[in-house]
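Participant: Residue numbers (the numbering used here), protein chains in the order written: chain A, 1 to 109; chain B, 1001 to 1115.
No incorrect hints appear here.
Simulated crosslink set (DSBU-like; lysine-lysine; CA at most 30 angstroms straight-line):
no.	chain 1	residue 1	chain 2	residue 2
1	B	Lys1017	A	Lys42
2	B	Lys1057	A	Lys45
3	A	Lys42	B	Lys1069
4	B	Lys1057	A	Lys2
5	A	Lys2	A	Lys42
6	B	Lys1071	B	Lys1018
7	B	Lys1071	B	Lys1017
8	B	Lys1057	B	Lys1069
9	B	Lys1065	A	Lys2
10	A	Lys79	A	Lys42
11	A	Lys79	A	Lys45
12	A	Lys42	B	Lys1065
13	B	Lys1071	A	Lys42
14	B	Lys1065	B	Lys1017
15	A	Lys45	B	Lys1065
16	A	Lys42	B	Lys1018
17	A	Lys45	B	Lys1069
18	B	Lys1057	A	Lys42
19	B	Lys1018	B	Lys1057
20	B	Lys1071	A	Lys45
Calculated from the model, a selection of chain A residues having no Cβ within reach of chain B, i.e. all distances over 10 angstroms:
no.	residue
21	Asp7
22	Ala20
23	Asn22
24	Ser28
25	Ala29
26	Glu56
27	Asp57
28	Gly58
29	Gln63
30	Ala67
31	Ser68
32	Gln69
33	Arg76
34	Ser83
35	His108
36	Pro109
Label pairs and their computed distance ranges (CB to CB):
no.	chain 1	residue 1	chain 2	residue 2	range
37	A	Arg41	B	Pro1061	22 to 30 angstroms
38	B	Leu1115	A	Ile106	28 to 36 angstroms
39	B	Glu1062	A	Arg41	21 to 29 angstroms
In short, the hints are calculated from the structure, not lab data.
By construction, the Cβ of each residue, glycine as well, lies at the ideal position given by its N, Cα and C atoms.
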Amino acid sequence: RKEVEQDPGPFNVPEGATVAFNCTYSNSASQSFFWYRQDCRKEPKLLMSVYSSGNEDGRFTAQLNRASQYISLLIRDSKLSDSATYLCVVTRGSYIPTFGRGTSLIVHP
Amino acid sequence: EAQVTQNPRYLITVTGKKLTVTCSQNMNHEYMSWYRQDPGLGLRQIYYSMNVEVTDKGDVPEGYKVSRKEKRNFPLILESPSPNQTSLYFCASSTLSGASTNTQYFGPGTRLTVL
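With the sequences and hints as input, model every part of the structure.
Facilitator: Written out as structure tokens, the structure reads:
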């Protein structure tokens, strides 16, 4: 089983839709969790950290379920500019990040 | 401006010709790492460094070397490049303490083609 798994998609949604991605991780000792966004051929950039209690940043909501070992990202009211690849990152130990392969999102008019 | 820089951004070379890709960060980060990204395989870590003179192998270290003589710099060395090292390379850094612990800051990427 891969350490961090994501559905590669693509998720093809209309503007205004709500879309959710999940990411599962295998190491129960994982400590930190993040979602990154990567535009085509560009560097990944931090979208948001994921906290145990769940957290929200505008249209984006991230949640962590330690018991089932997954994190999720919910995007409400999708915009064309949300089209990108979303990378799940899990840090094992205290500093070694493992990246998922990413989920591709395409938002169309 | 806080940033990670990489050079060169694009490089076409031939098999066996030694090359170095530089990486520098101005955020005084302890942790630096190199990744390669290939279609369908995602980001794979090549090497990482916890601090000056401390380096360790990631998931795909074969064919690469690194050094960390100064905190800000973490060059990636390909002693004898081969075509299977054609890839998009990213350098990243992060702090190991404080509110931004483990948040990775990436350089703009280096697209390497080995003929």
